[in-house]
Amino acid sequence: MPGWLSLHLLAVFATLWSLKVNALHLHGLAASSLGVHRVQLFARAPVEGSTHAHVVLLHIWLKHVTPPDAGGEPRFMLPGQVPAVHALIWVEVLERLNHTAWAGVARMAIDPDAWQPKLTLVLADGREVVGERVYAAAPQVLFNQVQPLDVTFTLPPAEPAPAGGGAPGGEHGQRCFKVWEASFPDHRAPFCLPPSSAALCHRLAPAAAYTPDRPALWSVLIPLRSMGAPWGTHVSRTTVRLHHHLAYLREVGAAGALLYTDPLMRQALEAEAAVQRFLREGRLMFVTWDMMERRDYMWDHHMVYGHAALGLAGCGTNLWLQLSDLDEMLFSVYDSTWPRVYSCLVESAVNRTAVRSSSSRDGAPAPAVFRLYRVDVLSSRVAPEDEAALWYTAPAAAAAAGRPPPHPLDSYDRISKTPLWTGKMLACPAARVVDSWAHDARALLGSWHVANSSCAFILHVKNYWRPRAYYNASEFEPFRFLALRTKAAAGAARSGQGAEPRNHAD
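Residue numbers (mature numbering (1 follows the signal peptide of the UniProt record, and there is no 0)): -23 to -1, 1 to 483.
One should not assume that every hint holds.
Stated by the list, open to error - For each label pair, taking beta carbons as the anchor points, the in silico distance ranges come out as:
| id | residue 1 | residue 2 | range |
| --- | --- | --- | --- |
| 1 | D190 | A91 | 55 to 61 Å |
| 2 | P342 | R445 | 37 to 43 Å |
| 3 | P23 | T188 | 44 to 50 Å |
| 4 | F161 | E270 | 24 to 30 Å |
| 5 | G209 | P23 | 46 to 52 Å |
| 6 | R152 | T188 | 40 to 46 Å |
| 7 | R152 | G48 | 17 to 23 Å |
| 8 | E258 | Y311 | 26 to 32 Å |
| 9 | E362 | F161 | 35 to 41 Å |
| 10 | P133 | R202 | 40 to 46 Å |
| 11 | T28 | Y311 | 56 to 62 Å |
Stated by the list, open to error - Think about it this way: if two alpha-carbon atoms lie no more than 20 Å apart in a straight line, the pair counts; the simulated SDA-like pairs of lysine to any residue are:
| id | residue 1 | residue 2 |
| --- | --- | --- |
| 12 | K439 | V359 |
| 13 | K155 | S203 |
| 14 | K394 | E305 |
| 15 | K155 | P133 |
| 16 | K439 | M275 |
| 17 | K155 | R104 |
| 18 | K394 | R348 |
| 19 | K439 | P361 |
| 20 | K155 | R110 |
| 21 | K95 | L74 |
| 22 | K95 | F19 |
| 23 | K394 | Y350 |
| 24 | K155 | S10 |
| 25 | K439 | R214 |
| 26 | K155 | S173 |
| 27 | K394 | R329 |
| 28 | K394 | P361 |
| 29 | K439 | S203 |
| 30 | K155 | A135 |
| 31 | K439 | E454 |
| 32 | K155 | H14 |
| 33 | K439 | T370 |
| 34 | K155 | F19 |
| 35 | K95 | E69 |
| 36 | K95 | W157 |
The hints are simulated quantities; they were obtained by calculation from the structure and are not laboratory data. Computed from a prediction, not measured in an experiment: that's the story for all the values here. Note that CB positions come from ideal geometry on N, CA and C, so glycine has one too.
Let's have the full structure, built from the sequences with the hints guiding it.
This is the structure in structure tokens:
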């Protein structure tokens, strides 16, 4: 082969490869950090049950949040936003790692009213900003005392670059920083942050399609660990489970899912054709996750939900998150899709607030967190031992026949007479959701409400992973999921204009 031809073919191959890589990034195959960077620092802090200060490890997540740019992006942000670096801090007492899941990170062993880290942010021009708690504490306290500490570094106005060409500091031009804690002033962690969330917010909730009255809804999924199955089996089952989850999200009018994955799992899933389709369609986004696995997956919930809320804090109120698991599905008995569910939830919450306060609804904090009731469901058609297979078996037969595959939820026709005492959440990250765990959350800039079940609640497939519940007539009753399989086609035609759910004041 002539040398010139070899060089030509090599150039063509390089061009095609570049286009492929760019296409992968444009379609979302490249994972996102949501603009959050994690650093670790040491600190000395008083620990519960001890008479002296301990050296603790601070896991610090940092996010650069800015007001809308000259083009108005990100849209629909809450008023009063100033350029700042927001931080969530988890305090870990290393000698207590062997305690229960409620010790260590999941339930910090420090009293936040007695001790807070004294953090300082160093700008590129050498100026320093002391971290502070800008927002008042949320009025409600989570019963399990789970809390990351929240700190805000308000950035000063940018200064002109010096004549010698030094880097400007503050505001939009600021990307790289260092941070240190007062008890270890010589330990300084460097990091860089994206200057704006505009592109990320537009990707998840474009203003042309989503507004504060009709927000986008994204499901947040923790890393999907293996339940003891071999690696290849775990990957294939995860792919099918994702298929069912995304199919149901589409039916209820949600935008898609944010799946937290480590590099190993992400690489395996990207090799699956079905997952590639989800990514190309923009219904699935991988979020990078490099935290180690711990004994109890509840730790994943604490960390992931906090990360998602912080990472999307720079977006507007046209973006909401569903903080739940694969075995939990948002459901409306009136066959309503997400836009009408959201309207119903807000209207009901506002009405109840006005009734209780005997005052006008004007001026009250907007709803920012809805805690939904969670109700177990069972199937009379499939034995509890066989339910898990419904959710990980590929629907090959229906696909071969050219029919839409049945959704596993079609097989469920029994529902618990009483809801579980723990629920799941819908949350607006723009309202600074600083506290969250597996079953609750709170926001600093918005109000918290128990969701009206006539608007929506959560179906919990108790035997999704393994048999955990059996039919008992005293605990379960028949239940018919109204028009579940017609919802996909009808929902596309209605664009959310389904049956109007009822609003109640109590």
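Under the criterion that the straight-line Cα-Cα distance not exceed 20 Å, is the pair K155, S203 satisfied?
-> violated (37 Å)
Compare the distance between the alpha carbons of K155 and S10 with 20 Å, and conclude whether the hinted pair is satisfied.
-> Judged against 20 Å, a Cα distance of about 19 Å means the pair holds.
Would the pair K155 and R110 pass a check requiring their Cα atoms to be no farther apart than 20 Å?
-> Between K155 and R110 the Cα gap is close to 19 Å, so the pair holds against 20 Å.
Are K95 and L74 close enough, with their CA atoms no more than 20 Å apart?
-> violated (24 Å)
Would you say the C-beta atoms of E362 and F161 sit inside 35 to 41 Å of each other?
-> About 54 Å separates the Cβ atoms of E362 and F161, which means 35 to 41 Å is violated.
Pair hint outcome, K155 versus P133 [Cα-Cα no greater than 20 Å] | holds (15 Å)
Confirm or reject the claim that T28 and Y311 have a C-beta distance inside 56 to 62 Å.
-> Since the Cβ atoms of T28 and Y311 sit about 58 Å apart, the hinted range of 56 to 62 Å holds.
Restraint check for K155 with R104, where alpha carbons must lie at most 20 Å apart | Status holds; Cα separation ~11 Å.
Holds or violated: are the alpha carbons of K155 and H14 at most 20 Å from each other?
-> holds (12 Å)
Is the Cα-Cα distance between K95 and E69 20 Å or less?
-> holds (16 Å)
For the pair we were handed, K439 and E454, check the Cα-Cα distance against 20 Å.
-> holds (15 Å)
Could you tell me whether the CB distance from P133 to R202 stays inside 40 to 46 Å?
-> Distance hint for P133, R202 holds at roughly 44 Å.
In this structure, the earlier hints numbered 1, 6, 9, 13, 21, 27 are contradicted, and the remaining ones agree with it.
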